[in-house]
Amino acid sequence: MNILNKLQKMADSRLYWAAYGIGGISLLGVALIYQHVFEELPCVVCIQIRLWISLLIVLSAGGLWLREKPSLNLLMQWAIVLTSAGFVERSYLLLGTERGFIFGACGFDVGLPSWFAVEQWLPWLYQVETSCGYTPELLFGITMAEALIALSVSLLLVSSAIALASTVGLFQRKS
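In our numbering, the protein residues as written are 1 to 175.
Don't read these hints as lab results, they were simulated from the structure.
In this text, a Cβ means the ideal position worked out from N, Cα and C, and glycines have one as well.
It is possible that part of the hints are untrue.
[As the list claims (entries may be wrong)] Taking CB as the label site, the calculated pair distances span: (1) ILE3 with TRP65: 23 to 31 angstroms; (2) TYR134 with GLY23: 19 to 27 angstroms; (3) PRO123 with ARG173: 29 to 37 angstroms; (4) GLU137 with GLY29: 14 to 22 angstroms.
Construct the entire structure; sequences and hints are all you get.
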């Protein structure tokens with residue numbers, strides 16, 4: 001079995017989709033521990049990253065449910081790729097703000113429309129509480145921003161490879 005077939009099979013598995021969901025829930029759990037236990041308050045970019053992670057969790061549930069329908073499975077995979085790209089962009093902005101190579105306005109407005117006021121519905125998870133600057137150190141001197149950029153880029157690479165392999169596989173099956 002070649003690598004293309006392995007990637008295609010991976011996209012159809014429960015484990016693949018469950019890993020996104022469990023990983024996303026774990027990331028939000030760590031963020032909440034740092035916020036509510038260690039009192040490391042979240043900035044607007046941190047909240048935007050939480051929103052991207054929340055979308056990954058929702059998409060993983062959809063992918064788990066739709067994994068046996070090839071076209072819909074592929075749609076969910078490409079949605080994961082796009083969400084991962086958003087996650088990378090926000091993680092890069094957070095790292096750039098922390099390291100000082102990106103200078104941008106960082107206020108207290110998440111930028112969501114009034115009909116999607118998650119910061120009011122779930123303030124314990126999505127409320128901005130501080131301005132951007134530094135992120136806490138996790139382990140071995142690695143900051144949260146550094147860990148997020150490494151994780152988000154890895155997620156983008158893996159999800160892109162699987163989505164591309166599945167796209168090729170779907171077109172091979174149709175021809």
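ask   = Are there hints from earlier that the structure breaks, and if so, what are their numbers?
value = 3
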